[in-house]
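> Numbering (our numbering), first residue to last: 18 to 228.
Hints listed in this document are in silico derivations from the structure and should not be mistaken for laboratory results.
Honestly, I wouldn't trust all of these hints.
To be verified - With a straight-line cut-off of 30 Å between C-alpha atoms, the simulated DSSO-like cross-links for lysine-lysine are:
no., residue 1, residue 2
1, Lys40, Lys92
2, Lys222, Lys212
3, Lys147, Lys224
4, Lys222, Lys145
5, Lys224, Lys140
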Amino acid sequence: MLKLYFNPISPHSRRVLVALLEKDIKAELVELELNGQPNRPELLAINPFHHIPVLEDDGFRIVESFAILDYLEAKYPEPSLLPHDAQNLAKVRMVQMVTVNELLPGIMPMFPILFGLPVESEKIEQTKNKVSTILTFFEELLGEQTYFAGEQLTLADVTAGTVASSLYLVGLSLDNHPKLSTWLENLNQRPAWVKSLPTQEAMEKFKSSRA
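Construct the entire structure; sequences and hints are all you get.
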């Protein structure tokens with residue numbers, strides 16, 4: 018059986034968990050705490066780079082969430098989470114890369130808010146402007162479709178959705194992007210998204226570990 022080392026608070030972990038649930042793939046789930054302590058033996062034992070998620074499959078270990086998602090798609094092709102036509106495949110990859118290279122780093126200045134700490138007003142304004150540019154790009158790609166590749170849920174939605182659903186935690190929102198708001202509402206109604214949500218208890222424990 019597959020074994021996933023993860024924590025649902027981490028969007029990198031949660032996107033893999035969502036993919037497993039959407040594909041109805043059975044896996045042993047090993048939840049590791051995100052306590053911020055470097056060089057923890059239990060993490061170093063499975064990943065020398067000290068982060069999750071990590072997927073194990075019969076002795077084969079995979080680090081990095083995108084590598085894991087591609088592995089799952091190749092080994093368990095149905096239901097497919099990747100389109101086959103060139104334009105939609107390009108959309109998926111664009112959304113994935115913009116999410117991890119632009120959106121996630123873009124919201125980091127707001128991260129102290131999660132722990133009740135102040136953020137300088139100048140940083141807040143800069144962050145909101147950057148994030149707005151990214152969300153406008155996503156909204157244009159989405160257009161009038163249900164998902165980024167049409168009516169088919171793909172890894173684009175899985176990747177962007179697990180970050181977009183956490184924006185409110187750091188004082189950001191989709192209020193000025195109605196199409197994305199509807200898109201996220203559709204995602205949040207899917208059983209896989211409900212099942213993969215971190216509990217309130219887990220969120221409070223995470224916050225206290227960084228206080």
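> Could you run down the list of hints and mark each one as holding or not?
Results for each hint:
no.: 1; hint: Lys40 - Lys92; in the structure: holds, 11 Å
no.: 2; hint: Lys222 - Lys212; in the structure: holds, 19 Å
no.: 3; hint: Lys147 - Lys224; in the structure: holds, 25 Å
no.: 4; hint: Lys222 - Lys145; in the structure: holds, 28 Å
no.: 5; hint: Lys224 - Lys140; in the structure: holds, 22 Å
The structure shown violates none of the earlier numbered hints.
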